[in-house]
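Based on the sequences and whatever the hints tell you, model everything.
Each protein sequence line maps, in turn, to chains A and B.
Each residue of the first sequence is one higher than the last, beginning at 69 in this note's numbering.
Each residue of the second sequence is one higher than the last, beginning at 69 in this note's numbering.
By construction, these hints were calculated from the structure, which means they are not laboratory data.
Copies of the same chain look alike in the list, so a pair counts if it works inside one copy or between any two.
No farther apart than 20 angstroms at their CA atoms in a straight line, the calculated lysine to aspartate or glutamate pairs in the EDC-like style are these:
#1 Lys283 <-> Glu373
#2 Lys334 <-> Glu373
#3 Lys260 <-> Glu302
#4 Lys283 <-> Glu303
#5 Lys326 <-> Glu378
#6 Lys260 <-> Glu303
#7 Lys283 <-> Glu302
#8 Lys260 <-> Glu286
#9 Lys260 <-> Glu154
#10 Lys283 <-> Asp236
#11 Lys233 <-> Glu286
Protein chains: 2
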Amino acid sequence: MSIVVVGSVAYDGIKSPSGQVDRCLGGAATYFSLAASYFTQVRVVAVVGEDFTEQDEEVLRTRQVDTTGIEHAAGKSFFWRGEYGENLNEARTLETQLNVFQNFNPQVPTQYLDSEFLFLANIDPVLQGNVRRQMNGRVKLVGGDTMNYWITDPNHRKNLLQTLKGVDVLLINDAEAKLIAQESSVPRAARKVLEMGPRALVIKHGEYGATVFFKEREFGGGSHPFRAPALPMEEVRDPTGAGDSFAGGFMGYIASQKSLDREVFKRAMFYGGVMGSFAVERFGTERLQSLTRKEIDARYQVFRELTHIE
Amino acid sequence: MSIVVVGSVAYDGIKSPSGQVDRCLGGAATYFSLAASYFTQVRVVAVVGEDFTEQDEEVLRTRQVDTTGIEHAAGKSFFWRGEYGENLNEARTLETQLNVFQNFNPQVPTQYLDSEFLFLANIDPVLQGNVRRQMNGRVKLVGGDTMNYWITDPNHRKNLLQTLKGVDVLLINDAEAKLIAQESSVPRAARKVLEMGPRALVIKHGEYGATVFFKEREFGGGSHPFRAPALPMEEVRDPTGAGDSFAGGFMGYIASQKSLDREVFKRAMFYGGVMGSFAVERFGTERLQSLTRKEIDARYQVFRELTHIE
Chain A
69 MSIVVVGSVA
79 YDGIKSPSGQ
89 VDRCLGGAAT
99 YFSLAASYFT
109 QVRVVAVVGE
119 DFTEQDEEVL
129 RTRQVDTTGI
139 EHAAGKSFFW
149 RGEYGENLNE
159 ARTLETQLNV
169 FQNFNPQVPT
179 QYLDSEFLFL
189 ANIDPVLQGN
199 VRRQMNGRVK
209 LVGGDTMNYW
219 ITDPNHRKNL
229 LQTLKGVDVL
239 LINDAEAKLI
249 AQESSVPRAA
259 RKVLEMGPRA
269 LVIKHGEYGA
279 TVFFKEREFG
289 GGSHPFRAPA
299 LPMEEVRDPT
309 GAGDSFAGGF
319 MGYIASQKSL
329 DREVFKRAMF
339 YGGVMGSFAV
349 ERFGTERLQS
359 LTRKEIDARY
369 QVFRELTHIE
Chain B
69 MSIVVVGSVA
79 YDGIKSPSGQ
89 VDRCLGGAAT
99 YFSLAASYFT
109 QVRVVAVVGE
119 DFTEQDEEVL
129 RTRQVDTTGI
139 EHAAGKSFFW
149 RGEYGENLNE
159 ARTLETQLNV
169 FQNFNPQVPT
179 QYLDSEFLFL
189 ANIDPVLQGN
199 VRRQMNGRVK
209 LVGGDTMNYW
219 ITDPNHRKNL
229 LQTLKGVDVL
239 LINDAEAKLI
249 AQESSVPRAA
259 RKVLEMGPRA
269 LVIKHGEYGA
279 TVFFKEREFG
289 GGSHPFRAPA
299 LPMEEVRDPT
309 GAGDSFAGGF
319 MGYIASQKSL
329 DREVFKRAMF
339 YGGVMGSFAV
349 ERFGTERLQS
359 LTRKEIDARY
369 QVFRELTHIE
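What follows is the structure, encoded as structure tokens:
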């Protein structure tokens, strides 16, 4: 089954203790699409500028990602430049040029409308809501992401809370969960977020893995959470896109399955972690471009053994 | 099989968002002993002052902990007072009175010398080394803990590195591991610490669980780490002693087993997490005083299901 993703396709400049690149393909929808493409057909909705190269669009097409929904607008592509210190968990943003993204008004191509899965990457909650409505026909499961900026600004927050009502699975990190719920304890925050709309909440803990919390009775089970570990990695070159790659592996795996029960969710959590772990091994999207399903499944086994007990 | 623990038996004053107690039984060796007592015979070596009450010693004896090695010295018991903010991961120390602990010269009673397990809780590495030597006869496995103070001060560090050579399993947290190894990545830090002596290194991640790293070929396996999750807990009343209770559950379970292979280690990691999770549910040692093995095993199953995948 296919999945539609809306979000940024962009260029990044990245510096980390392992090196630096001045300009490389990036953006949440890019990382998501590449990661999900190993599991299912992906269709992307985004906007790029005149500087966006044919080769970079080809990176997506090579992975069978449908790029019909990438609008080419006058101006320059979204550009982000950031730096990671020794603590790789947090990027310091040095420069953000919204460029064509500033007037982004996502239009879902007609031929995308039969997709049963949708992922709303981190963009303005109003645009997330628009895309959600355009997809109202067939969509079975909506995943979503957001960030501090939309959570803390009072006007954006209102829009976000509205959009959350149409999101089945929200994927955010600890700090974002605490901010949305205005709660200092992660499990209490999770319970509050689940009252805002989502039927499941995936909280990403960076190098410590991720936990999924469920609303009681949703997806065939009780309210017990499930936690997937992350692999302790000696060499993290570039953390950019780890969360979007997690979301791509997670949603992509779910979209590839016939039904959606708790066991599928659990495996999806592991596949999310696996794709995030690949993403950070090289700068930009390099590692995600050249994987095989065999490599992915081998690492899935490593993740499983990492925490498996008889 | 029995386990000897050396460390502090003390009084604490604790304030957290859930309440406060001005004075309650505390100390690393106390938490460790109570937690381990559900798995094996525990023998404690410590020093207390004239203010230490018969009732508090009885708390340990009720759990069949051998208190022969608790020296009663002139003066007052070690006293620590601290406060937790909304972020329960870190205590702010408001007061530390070393009192009788200042001249602590631990003596292992003769009748303890047949114990095959030893835990060196967080005290001066020189004293840890002394106790290690007194136990040289029978001891099969030595566990140990330490803290920033001993790691960063150049003189203490020298002593610590000496003591580490006689420690089989070191249990510390992320920050301590990074400090000992002078490395910013936890997995790289782990590898360095394992070159300093320990055959296994347990790194505790607070609310995210713990990871054990192994030296290649030790305890019947390769160098693959194992990660045990922690239960997402809505109500953490008092984090004091969580790490010592983890160590008690971990070492206590190991001491209760006939052999020590990787599977035993994995289960020990889960039992460590279980005992830590009980400890934080009430102030001080209250919860650890009144458990049953049935409650412990039920929570072990919850931990296992939290991360179990078919």
